[in-house]
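Visitor: Spelled out from the first residue to the last, the chains are:
There are 2 protein chains.
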Amino acid sequence: MANRNIRIVIEYDGSRYQGYQRLKNSSNTIQGKIEAVLCKMTGEKIELIASGRTDAGVHAKNQVCNFHTKCKKSVSNIMEYMNGYLPEDIVVKEIKEVNERFHSRYNVKDKTYLYRIWLGNYPPVFQRKYVYHVKDELNIDSMKDASKLFEGEHDFGGFCSRKVKKNTVRIINSITIKEVGNELQIYVKGNGFLYNMVRIMVGTLIDIGKDKLDKTAITEAINTKDRSKAGEKAPAHGLILYEVNY
Amino acid sequence: MANRNIRIVIEYDGSRYQGYQRLKNSSNTIQGKIEAVLCKMTGEKIELIASGRTDAGVHAKNQVCNFHTKCKKSVSNIMEYMNGYLPEDIVVKEIKEVNERFHSRYNVKDKTYLYRIWLGNYPPVFQRKYVYHVKDELNIDSMKDASKLFEGEHDFGGFCSRKVKKNTVRIINSITIKEVGNELQIYVKGNGFLYNMVRIMVGTLIDIGKDKLDKTAITEAINTKDRSKAGEKAPAHGLILYEVNY
Chain B
802 MANRNIRIVI EYDGSRYQGY QRLKNSSNTI QGKIEAVLCK MTGEKIELIA SGRTDAGVHA
862 KNQVCNFHTK CKKSVSNIME YMNGYLPEDI VVKEIKEVNE RFHSRYNVKD KTYLYRIWLG
922 NYPPVFQRKY VYHVKDELNI DSMKDASKLF EGEHDFGGFC SRKVKKNTVR IINSITIKEV
982 GNELQIYVKG NGFLYNMVRI MVGTLIDIGK DKLDKTAITE AINTKDRSKA GEKAPAHGLI
1042 LYEVNY
Chain V
802 MANRNIRIVI EYDGSRYQGY QRLKNSSNTI QGKIEAVLCK MTGEKIELIA SGRTDAGVHA
862 KNQVCNFHTK CKKSVSNIME YMNGYLPEDI VVKEIKEVNE RFHSRYNVKD KTYLYRIWLG
922 NYPPVFQRKY VYHVKDELNI DSMKDASKLF EGEHDFGGFC SRKVKKNTVR IINSITIKEV
982 GNELQIYVKG NGFLYNMVRI MVGTLIDIGK DKLDKTAITE AINTKDRSKA GEKAPAHGLI
1042 LYEVNY
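Chains as they are written, first to last, in our numbering: chain B, 802 to 1047; chain V, 802 to 1047.
These aren't lab readings, by the way, just hints derived from the structure by calculation.
Since copy identity is lost for identical chains, a pair holds within one copy or between any two.
Cross-link-like lysine to aspartate or glutamate pairs, in silico, EDC-like; alpha carbons within 20 Å at most:
hint, residue 1, residue 2
1, Lys936, Glu895
2, Lys862, Glu984
3, Lys1016, Glu952
4, Lys930, Glu889
For reference, chain B alone in the conformation it holds in the complex:
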């Protein structure tokens, strides 16, 4: 029997995990947890493919994955089984059987990350694991203005935590900054992201909002590919993989 290709959309709270990607010496990853359940369900050794990795502590609202299996269960039974055995901070939200050629990483058209900043003078108890509390006043207009410098096709080598020899050119389709009550939401949509790229972009915008950096720092970091020209890396727990388009 030919393998079936199953596409799932998952949501997870990354707080207690070492990131999405399976590790040799730890079972404490999103991929590791889900593969263990799939193995238990099917008896097969299944590799879960995702739209991309998320770092330790980063969350996902709509991470898209797929896997191949000979399992004959209906997709709704697979979803029920998975949600029955997964820990409460990982959940399968959608499931469907797709064409054998669908690949959740290779076929990505664009992805949107959301970074949530809390501006109140006290930390929000119920959102404390999902927002970054900034106590300093931020000049939001200058952040909005500076964010436009990221849009378009640029070499983002200066916004990456690792030295990579590979191509570091990416397209940022849009950055949208919304004020929602005491919260500042930064949506970053692009065709691909380097290691820590969104967190460094957001941290740079925060430094600009605090007047610690001028917006020209963005252009400089892009032109020189020099990480030291950009701002601080914002913490992981404010970041969430928000949407993946194919």
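Start from chain B and add chain V according to the hints.
Guide: For chain V alone, kept in the frame of chain B given last:
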């Protein structure tokens, strides 16, 4: 020097606490945690008075408390100190010095509780500690209809987990049921609440929504004061003390 009377508004995630009220053999209560910080700050033995207790696992968005102290710090310094030493699941949101006669329990005019029910077919990862996931389909119209029977002045002895000899007559000003996305929000506003009263009221409405009970059960439980006529007690983690008016 005369004692100052300090009024604070606090927010807490009740998940890991044995409720609001201080216990002899446990430091794991909201009152216990806050009093320990106040004692550390002032060297005085301070009693924190709240608008009312909340049960183990119940949350608060706006719990109002007051305490008397000889401490000379400014209120903003007191708030900063408290938030610096309190655990991350308890926060002081507002603080002010009030008339010596203000008493956060005796002076309550009315209180509003919010009960959050999640109706999606999967549990919501980021809200999992604050909503009760009901998988069965609920007839929301009949819940709204039945909820009106609670409004007004009634003897709620049938909606109380403990046998009490005291007066069990309370006034429910309003019950409002809102559908917000996959969430059903039940706001209950009243002049006072018996032990577990909101959770039994909500559980009864859920049983009516599931067609396990008829709305006449509410009238019967009120008339007979018989707890067994009412429905299940809804779990603590969906309940939040939402607002207190004076």
